[in-house]
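Asks: In the working numbering, the protein residues as written are 460 to 762.
Hints were generated in silico from the structure; no laboratory data involved. Glycine included, C-beta positions come from ideal geometry on N, C-alpha and C. Misleading hints may appear alongside valid ones.
[Unchecked claim] Computed Cβ-Cβ distance ranges for the label pairs, DEER-style: (1) E749 - G546: 27 to 33 Å; (2) K634 - G681: 34 to 40 Å; (3) H552 - F630: 22 to 28 Å; (4) Q668 - E626: 19 to 25 Å; (5) T602 - L530: 43 to 49 Å; (6) Q668 - E749: 23 to 29 Å; (7) G681 - N631: 39 to 45 Å; (8) Q566 - P683: 22 to 28 Å; (9) R647 - K534: 34 to 40 Å; (10) D757 - R609: 44 to 50 Å.
[Said to hold, decoys possible] Here are the simulated SDA-like pairs of lysine to any residue, each with C-alpha atoms no more than 25 Å apart in a straight line: (11) K520 - L530; (12) K727 - D670; (13) K571 - V657; (14) K571 - L742; (15) K748 - E686; (16) K589 - I739; (17) K571 - V586.
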Amino acid sequence: MALAVMLLNGASFHSGCCRHKVLLSSLGPLISNSKLYSSYRRPGAEPEKKLSWQNADFSFKKSIDHLKTQLSLLKKETQDYLKGPGGNPLSQHLLEQTRVLWQFRSQEDLNKWVISSDAEIGGKSKVYIKLGRNNQAALLYGTLNTEVPRDGETKYSGYCSMRSRPEVGSFNRKKYYDWSNFNSLYLRVRGDGRPWMVNIYTDPYFSHQKDDLYSYFMFTRGGPYWEEITIPFSKFFLSSRGRVQDNQHPVWLDKASFLTLGFTIGDKVDGPFQLEIDFIGLLNDRAHKEEFAYEAYDKNTPV
460 MALAVMLLNG ASFHSGCCRH KVLLSSLGPL ISNSKLYSSY RRPGAEPEKK
510 LSWQNADFSF KKSIDHLKTQ LSLLKKETQD YLKGPGGNPL SQHLLEQTRV
560 LWQFRSQEDL NKWVISSDAE IGGKSKVYIK LGRNNQAALL YGTLNTEVPR
610 DGETKYSGYC SMRSRPEVGS FNRKKYYDWS NFNSLYLRVR GDGRPWMVNI
660 YTDPYFSHQK DDLYSYFMFT RGGPYWEEIT IPFSKFFLSS RGRVQDNQHP
710 VWLDKASFLT LGFTIGDKVD GPFQLEIDFI GLLNDRAHKE EFAYEAYDKN
760 TPV
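Input sequences plus hints: build the corresponding full structure.
Replies: What follows is the structure in structure tokens.
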């Protein structure tokens with residue numbers, strides 16, 4: 460145990476960028492229950508008294524089992540890569556018109572998503588997710604409350620969200636979605652008439668872009684009937700920390716940037732809400748010719 464702690468401390472001391480990430484991925488099962496990095500803490504809350512390494516569970520057997528699992532995943536990824544893009548033959552990849560990304564038929568499908576609300580910053584909104592009737596959809600429901608927490612710092616409150624978990628490959632490597640063959644997002648939902656925001660989260664190269672977000676609105680009509688919604692990617696606009704940016708550009712749909720997808724409700728209307736999602740997919744709409752819906756400004760205009 461002391462040796463592992465020395466390795467972690469030495470990595471964080473001698474290298475501030477990459478070495479500690481390699482150690483963490485290799486020692487993942489040993490420290491699965493530990494909290495090595497500080498999480499968000501409300502103003503005025505007391506910090507944890509235990510040191511991070513005191514909650515670690517060091518087990519040599521777990522590390523061997525973890526290594527075997529990662530090697531098997533690496534083998535499967537190599538086979539899929541040699542077969543073709545996404546594990547499919549190249550001809551099938553080029554002719555693909557639709558693709559279902561997420562569908563909700565079991566608890567395992569729900570576990571691929573994370574829900575959150577303003578309760579993380581002291582708000583009073585509540586959000587839940589469960590399987591719908593006959594296990595044929597995901598039911599996202601809860602109560603929106605715009606009351607601002609009395610901590611002296613928070614100015615706005617009242618949101619709930621649902622976000623897909625980032626895909627992880629072998630040895631905890633990030634996996635990215637490649638949607639370059641498609642031009643629209645396709646959903647089958649049933650809402651209660653409240654508007655939602657569909658968000659695309661990216662994995663930026665520079666740290667100052669970590670809050671960048673591509674968003675567009677999804678308006679549900681309410682009632683007992685399902686509706687199929689198509690949102691072209693050309694409609695998504697760029698924002699950062701809740702502010703729409705002047706410098707707009709299309710979403711980069713290749714595997715170098717896209718990370719997760721999410722839904723957010725924050726229409727400043729207190730009360731219950733619900734949204735049922737049957738599936739989320741992609742569509743290559745050949746009738747859609749628009750490349751980008753917003754005007755792009757040239758910052759360096761020639762004189």
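Asks: Run every hint past the structure and note whether it holds.
Replies: Against the structure, the hints:
1. E749 - G546: 27 to 33 Å: This hint holds: roughly 31 Å between Cβ atoms.
2. K634 - G681: 34 to 40 Å: Given about 36 Å between the Cβ atoms, the range holds.
3. H552 - F630: 22 to 28 Å: holds (26 Å)
4. Q668 - E626: 19 to 25 Å: holds (20 Å)
5. T602 - L530: 43 to 49 Å: holds (46 Å)
6. Q668 - E749: 23 to 29 Å: This hint holds: roughly 25 Å between Cβ atoms.
7. G681 - N631: 39 to 45 Å: holds (42 Å)
8. Q566 - P683: 22 to 28 Å: Taking Cβ atoms as reference, Q566 and P683 lie about 26 Å apart, which means the hint holds.
9. R647 - K534: 34 to 40 Å: holds (35 Å)
10. D757 - R609: 44 to 50 Å: holds (46 Å)
11. K520 - L530: holds (16 Å)
12. K727 - D670: holds (22 Å)
13. K571 - V657: At roughly 17 Å apart (the allowed maximum being 25 Å), V657 and K571 satisfy the hint.
14. K571 - L742: holds (22 Å)
15. K748 - E686: Holds, because 24 Å separates the two Cα atoms, which is no more than 25 Å.
16. K589 - I739: holds (16 Å)
17. K571 - V586: Roughly 16 Å separates the two Cα atoms, so the pair holds.
Comparing the model with each numbered hint stated earlier shows that all of them hold.
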